[in-house]
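Each chain, written out:
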Amino acid sequence: MPAAFVGDEAAEPVTKTPPSTRKRKLVDSITTSATSQPPATIELPKRKASKTTTASVHDANADAEQAALPATPQTLSSDKPMDSDDDLNSVASSGMLGEAMDDSSVDFDAADSDDDGLEDFQDDESAFESQPKDLRPAKKAFEVDFNVYSPGDIQHQQDRQVEEVATLLEQPAEQTAILLRFMSWNKERLIEQYMDNQEEVLDKAGLGANMSSNPPRLEAIDGFTCDICCEDEPGLQSFAMNCGHRFCVDCYRQYLGQKIREEGEAARIKCPGDGCNKVMDAKSLDLLVTSDLTDRYHELLMRTYVDDKENLKWCPAPNCVYAVECGVKRRDLTRTVPTVNCDCKHAFCFGCTLADHQPCPCALVRKWLKKCEDDSETANWISANTKECPKCGSTIEKNGGCNHMTCRKCRHEFCWMCMGLWSEHGTSWYNCNRFEEKSGTDARDAQASSRKSLERYLHYYNRYANHEQSAKLDKDIFHKTEKKMQLLQSSSGMSWIEVQFLEAASQALQQCRQTLKWTYAFAYYLARNNQTEIFEDNQKDLEMAVENLSEMFEKNTDQLAGLKVDMMDKTSYCMRRRVILLDDTAQRLKEEGWTFNVDLK
Amino acid sequence: MAGNKRIMKELGEIQSNPPDGVSISLPSESDFNVWHATISGPSDSVYAGGNWKVEITLPKEYPFKPPQLSFKTKIYHPNVTNDERGAMCLGMLRADEWKPPNKIADVLKLVRAVMAAPQPEDAVETSIAEQFRNNRKEFDKIAKEWVNKHAK
Ligand SMILES: [Zn+2]
Ligand SMILES: [Zn+2]
Ligand SMILES: [Zn+2]
Ligand SMILES: [Zn+2]
Ligand SMILES: [Zn+2]
Ligand SMILES: [Zn+2]
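Read top to bottom, the protein sequences are chains E and U.
The first sequence maps to residues 1 to 601 in full-length UniProt numbering.
The second sequence maps to residues 1 to 152 in full-length UniProt numbering.
Don't read these hints as lab results, they were simulated from the structure.
On a predicted model such as this, the values are computed, not experimentally measured, just so you know.
Hints may be right or wrong, so weigh each one.
[Stated by the list, open to error] Quick list of simulated restraints, FRET-style, between CB atoms:
id	chain 1	residue 1	chain 2	residue 2	range
1	U	Asp96	E	Glu170	35 to 43 angstroms
2	E	Arg296	U	Met92	25 to 33 angstroms
3	U	Thr57	E	Arg217	34 to 42 angstroms
4	U	Arg94	E	Arg331	30 to 38 angstroms
5	E	Phe596	U	Arg133	28 to 36 angstroms
6	E	Arg330	U	Phe32	47 to 55 angstroms
Built from N, CA and C at the ideal position, the CB exists for glycine as well.
Sequences and hints are given; from them, build the entire structure.
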């Protein structure tokens, strides 16, 4: 979602240019006045609707696993809930994303506007009512910290920021909201510019002095003709902002309806005047937006808030209303793959919003998907290695070095190089008049390397596609799982809780195949060195674990009850192998220890 | 409706005072939302001497949405799709740049200006744009061939 990165560009100059001392103090006062807690590198406990979690992809089925694996605490130690303050502190000191993030997201003292979300929740009294067991330590290299927010939370965050800045600027909340939206919610930039030139900022946001003394209103002006609808009847109600572009109220309303309803714009609608770039201010919008549009209008304003913030993204799952906050920035994406888990259970990459693609970095995912899509190498290979018979048109594959081709179908004899009649070449292809020694060698080399690179691609692609396919088949099995579970309950007298090991196994298969799938895209771009072997070993171990579990999973229902312990072991073994693979790969990625044969940027 | 009075006024103005090199007709007396324009190639361009039929469709939201343009006569041009639609979509013809006070006369002036000076950076036909940039001679040649073949 490129729109979400707009905030990145906007925020960048601010973090690079430290504010002057005067402004710095001012900004610091926001943080200190707003919170009694020390700045922390952990996410804070949340209010009811939001969830604070460590991005362990186990989360989705952690409960099921814990129910299913009561006697094997060693299996999922990273998922163990924390229950003491000591644990909490150890999280704080372990850092949000380790060294990789030290220069950016963890720098709370700089009052980086990107961290607003975290600060905002620190002074939220109710925040500390929630259970500390929701906090999980960010121990693994592949995990990132994130929060999930409901629309209510987002609204609350906005209100809180408006309140803070309003106190500081000594402006009413309503006007402050307009100013913040105008500045794309970049609090620090707003304060800085406001301190520099209050008049100008107010003016640009449509809140200038003449606005407060002269609030927007409808007028009937003698001799006015609306340039949009061409109406000119006397007493026609019209409106203009201070740029002077005047139109009748009906046209204005229709224009706004088009923008808000059809084009989804709200915070940055321009004056309808020809060539005018003046953004419509909120007061004018309040006056003109009809009641049937206000809900949509406010919803859009809220979306703008999330879109403007680099550290917030809407969950891409269809119909999901949650937003996720994560400190990973675009520039970090070469060193981390930030998978987050929405409360709706969808695991997605905060960097590119595609479904979870660990361990493969976003840039490689993009390249890989593109490659699979146009499948260009297959086409290249076909064009380099097959030609059509000049006589009958049937496709002929060249599979030896000899240029003397004989069509299998029509027995036409021709020269591979020039497609000319072989009979004109005499006894050997050396006589081909268009053949040059040099270009012939090149052609043969190109042919060989094209085939080799295709074979390499297909090796990885087949495995990638196989896991994608198997994951789909596993999903079908998952849907049958519930039925199996019911059968199992009645046939074995087991309780519902006891048969959940099947669901845990099914979900483990899904997750592990998802991971395996992306290991092949990762491996395709990996340049070979001694580290590659460790990766391939991890990959192989996970492959075997998954196949073992998958096989067992397809057994008959009457056998399943007896396999419970074994299956639980295999499930936890799969998950362990997955964690090992992801952790090791992410650790090296963070240390820039992998060499790729393409550019990650 | 806002649209009708406006459309009638625009039609009256454009028929009594058409932009240079343009004439307008209505194919149907009952439908004021489809206009036919005949545009002559700007004299100092490769299109000089040709005449193009362009269909202008006013959406029902007009003038809050831009009109749609369709070249009914084939033209070799980087900004016009080389298909049966013959669509052109740049500048004020784009939904996000269109402003309701913009007039069809302005659109037609834009079309002639873009015929005189193609905008390869906004191209819909990338290969034609590339040729326009890198092999102007060949571009001019084909464009003129198309004028003789289709627009005369
Ligand atoms: Zn009007
Ligand atoms: Zn204006
Ligand atoms: Zn979601
Ligand atoms: Zn990604
Ligand atoms: Zn043949
Ligand atoms: Zn030959």
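Here is what the structure says about each hint:
no. : hint                                    : result
1   : U:Asp96 / E:Glu170: 35 to 43 angstroms  : holds, 37 angstroms
2   : E:Arg296 / U:Met92: 25 to 33 angstroms  : holds, 26 angstroms
3   : U:Thr57 / E:Arg217: 34 to 42 angstroms  : holds, 38 angstroms
4   : U:Arg94 / E:Arg331: 30 to 38 angstroms  : holds, 32 angstroms
5   : E:Phe596 / U:Arg133: 28 to 36 angstroms : holds, 34 angstroms
6   : E:Arg330 / U:Phe32: 47 to 55 angstroms  : holds, 50 angstroms
When each numbered hint is compared with the structure, no violation occurs for any of them.
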